[in-house]
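Protein chains: 2
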Amino acid sequence: MAVYTDVSDDDLAQFLQRYNIGELLSYKGIAEGVENTNYILHTTAGTYILTLYEKRVDTADLPFFLGLMEHLAQNGVSCPLPVRDREGRNLNTLCDRTAAVITFLEGFCARRPQPHHCAKVGKSLAQLHLAGDGYEMRRDNSLGPSGWRPLFSHFADAADTIAGGLQCEISAELDWLESNWPADLPESIIHADLFPDNVFFLGDKLSGVIDFYFACNDYLTYDLAICLNAWCFEEDFSFNVTKGRALLKAYTEVRPLEDAERAAIPILARGAALRFLLTRCYDWLNTPPGAIVKPHDPKAYLRRLRFHQRARTIADYGC
Amino acid sequence: MAVYTDVSDDDLAQFLQRYNIGELLSYKGIAEGVENTNYILHTTAGTYILTLYEKRVDTADLPFFLGLMEHLAQNGVSCPLPVRDREGRNLNTLCDRTAAVITFLEGFCARRPQPHHCAKVGKSLAQLHLAGDGYEMRRDNSLGPSGWRPLFSHFADAADTIAGGLQCEISAELDWLESNWPADLPESIIHADLFPDNVFFLGDKLSGVIDFYFACNDYLTYDLAICLNAWCFEEDFSFNVTKGRALLKAYTEVRPLEDAERAAIPILARGAALRFLLTRCYDWLNTPPGAIVKPHDPKAYLRRLRFHQRARTIADYGC
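Protein chains in written order, with my numbering: chain A, 3 to 321; chain B, 3 to 321.
Hints are supplied without guarantee of correctness; some may be wrong.
With a Cα cut of at most 27 Å, we get these calculated DSSO-like pairs of lysine-lysine [as the list claims (entries may be wrong)]: (1) K296/B to K296/A; (2) K207/B to K30/A; (3) K30/B to K207/A; (4) K57/B to K30/A; (5) K296/A to K30/A; (6) K207/A to K125/A; (7) K57/B to K296/B; (8) K296/A to K57/A; (9) K57/B to K30/B; (10) K30/B to K125/A; (11) K30/B to K57/A; (12) K30/B to K251/B.
Keep in mind the hints are simulated off the structure, nothing from the lab.
Excised from the complex, chain A in its bound form:
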């Protein structure tokens, strides 16, 4: 949510000479992206996003992410398209940062998602899963099950400062998930962070999906379970079964679930809730006071986790 790197007009003009996107008309730093600096560019050719990847980002992963956006766009997914420069590169250097120019996607997030939004997200997620097929690069999910225990170990001793008994509760959940995590579900490219912030709508239509910087190879149904967590809970942490049904129904109309995938929904939803609980706890405990980006309250995912612990089948999610 901040502009970490201030780009001068001279530096930007020189950088843009690499690209065939017309003359620069204006550029404004935008308050989007937690890790990176983003500018909205107007040029005589249209509107673009300029992203400068800040030092915390592992630039080794960037070719995977940008290549994926290109692959998905070529396969019909509405998402930002990295612009290649005159030499065919989609990554360059600006102000000592790795930087990319990406097409601008009109649309805006639904701050209070309704069931019809959930249906559109379900459909788009399934389309994204089909479109990801054939992408030749691979990236392991560093925030998948094998990453949870190491992440927990960084803050386990301080967990009870967030909520009494949290250390025990996470520890038990980790044990249970490690023993029960399903094997051999269909795996391909997942978005892994398809929250309402990352989906744009225009009127009644979903106009596109953004922010592929957590994308990786993992169970497709795990991505669906992330969306159940991200889109179908109300502010009082109750699960809205109408939204769940809309999301699952729209997804399965495009990509039907195998029996093993249907059966795994409750445990995958538990895993997804734990994954966001862990990263939110970590951020909560490691964000200095006065930081520009305020951490999210982890307890929202503790409440979701407890819902999933009580769920028995996909029917508990409305399907």
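Starting from the known structure of chain A, fit chain B onto it as the hints suggest.
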């Protein structure tokens, strides 16, 4: 430099129904404006800036500022134009803040101004001064000479923590300026903050002037003296006489200076340097650590002030 107020899509859509500016396509919070929240809006009719005036801003002054932008635009100044809603209002309420929609001006600031930029600024400032004539509203300059001593009193005791001897130096300067400030120079609307941040260029052309939130009635030549401070010093605090000459020459070609105005340039420049020294000192001492907006170093204006103290005539500025 921050988005203080988060506007939801629903609230924005409802707000925009008041206006005849097409359908909303996207909106992004931009990192511009120290006091206010700004969004860049794309609609089917074009690009706009949405400004929410935050609680620190005196909304009683807003009709003056917005009316002025309208008056100037009607008189040929390239500046953002407040959009009136279907009922003719240029101010409304959004998220509990006073809010305005303003046309978007393409162009971008010169981070390293050259003499040709200074010439264009001089010409535009003179045009702005002529265009301001006939504006029927009036606003006193709260940061003019009568405001300096009260402002200084808020931090005088802490001034020496910024630079040794600063309290005495400011005190002596205040005494001198109060005794020597000129009377009866031509007065009208001034911008009062025409720094490089507030002037946009496109290629070799000045595309427009923004940020009228310090505009007021005062000596026109005082505005010119502010520009000499803002545009003509190098990073080592030396005055660039080529830039000064370019600025003054271009200004006087459009609006010739009276003899009294020419004679007053060195003292007006001292006053302008003191005004920015005072507000920067105040901000420096009153900005909490970790604040989003970092204060500017006041000492840059102490160095400028010392240059002006040694200047004797307008010739010292290149003219």
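Hints not upheld, ascending by number:
12
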